[in-house]
Structures are given as C-alpha cells and as structure tokens.
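Chemist: Quick note, the sequence shown lines up with residues 1 to 140 if you use the numbering used here.
For the record, the hints were derived by calculation from the structure and aren't laboratory data.
Do not rely on the hints blindly, as some may be mistaken.
Simulated pairs of lysine-lysine, BS3-like, Cα-Cα distance not exceeding 27 Å [to be verified]:
1) 117 / 34
2) 32 / 66
3) 34 / 66
4) 34 / 3
5) 53 / 43
6) 110 / 43
7) 53 / 32
Derived Cβ-Cβ restraints for the label pairs, each shown as a range [claimed, not checked]:
8) 85 / 31: 35 to 45 Å
9) 2 / 67: 12 to 22 Å
10) 60 / 39: 29 to 39 Å
11) 116 / 3: 15 to 25 Å
12) 120 / 57: 37 to 47 Å
13) 137 / 50: 21 to 31 Å
14) 69 / 32: 11 to 21 Å
15) 113 / 59: 18 to 28 Å
16) 54 / 29: 34 to 44 Å
17) 85 / 57: 35 to 45 Å
18) 29 / 101: 19 to 29 Å
19) 120 / 54: 16 to 26 Å
The beta carbon of each residue, even a glycine, is placed where N, CA and C say it ideally should be.
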Amino acid sequence: MLKFTLDTNTLISATISQGNEYELLRLAHQGKIKLVLSMEIIKEFEEVLLRPKFGYTNEQVDNAVKQVLNICEIVVPTHRLHVIVVDPDDNRILECAVTGYVDYIVSGDKHLLHLKKYSYIPIIRTFEALQIIKRSKQVL
Numbered sequence: 001m002l003k004f005t006l007d008t009n010t011l012i013s014a015t016i017s018q019g020n021e022y023e024l025l026r027l028a029h030q031g032k033i034k035l036v037l038s039m040e041i042i043k044e045f046e047e048v049l050l051r052p053k054f055g056y057t058n059e060q061v062d063n064a065v066k067q068v069l070n071i072c073e074i075v076v077p078t079h080r081l082h083v084i085v086v087d088p089d090d091n092r093i094l095e096c097a098v099t100g101y102v103d104y105i106v107s108g109d110k111h112l113l114h115l116k117k118y119s120y121i122p123i124i125r126t127f128e129a130l131q132i133i134k135r136s137k138q139v140l
C-alpha cells in the first residue's frame with residue numbers, strides 16, 4: 001500500500017472543498033492508501049482551521065481533526081531537520097515523512113516542491129499523487 005505524508009495546506013484543502021485533496025482523504029478512508037502524519041502536522045491543521053476566515057466552530061474543527069486522526073498513522077519524528085531555512089515549519093513535513101518511511105510527500109508549498117525530493121521521497125502535487133495511485137492499479 002502506498003504511503004503519503006500530506007502537508008497542512010493539502011489537509012486544509014481536503015477539508016474545505018471536494019477537489020483532488022478531498023479525493024486523497026477519501027482513498028485513505030477506504031483503506032486504499034495510507035496517510036502518515038505527525039501530531040505537529042495535526043496541531044497546525046487544527047490551528048489553521050480555527051482561523052476566523054474559515055468560519056468553523058470549535059466543534060466542527062474537532063470533528064475534522066478526529067476524522068483525519070481516524071484515517072492516518074501517527075508517527076513521532078525522532079530527528080529535527082533544518083533543510084528548509086526560509087520556512088522552518090515546513091521541515092516538520094520532511095521529518096514526518098522520513099520517520100514514517102512514506103513513498104511520497106504531497107504538497108502545494110513552493111518551498112517543499114522546490115526540493116523535488118528529500119532523501120528517497122519524491123515531493124509531488126495532489127494530481128500527481130492521484131495519477132500514481134491510479135497507475136498502481138488501485139481503483140479510484
């Protein structure tokens with residue numbers, strides 16, 4: 001089964017609209033792919049969803065967080081990375097992915113995408129992830 005780490009913005013997009021990002025969460029819910037996240041990513045996801053611009057209540061945010069927690073594997077990164085200097089918070093995505101031995105990092109973040117790859121892990125956009133899943137003979 002393919003394993004993916006999603007960045008926070010991908011999780012936010014999956015929550016607020018039913019586009020490609022939502023499709024990734026749907027596939028994880030169906031057990032066709034494995035999402036690997038850390039509590040740092042979950043915490044940032046929660047903090048961003050609580051911003052007034054999204055208009056979610058605390059209960060709605062709690063439910064969204066619980067739904068993500070129910071479909072992912074949580075890892076605890078053991079090493080801190082300092083790869084992305086411009087936006088150090090992006091390093092938590094890399095730390096999670098390496099710790100969880102994922103196959104891909106899915107992101108729309110320019111700092112992560114600019115790397116193209118970290119260690120053995122390609123950094124790709126959501127539509128590329130969906131194409132890879134489809135090619136791996138997993139039904140969408």
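Chemist: Among the hints numbered above, which are violated by the structure, and what are their numbers in rising order?
Modeler: Numbers 7, 10, 13, 15, 16 and 19, in rising order.
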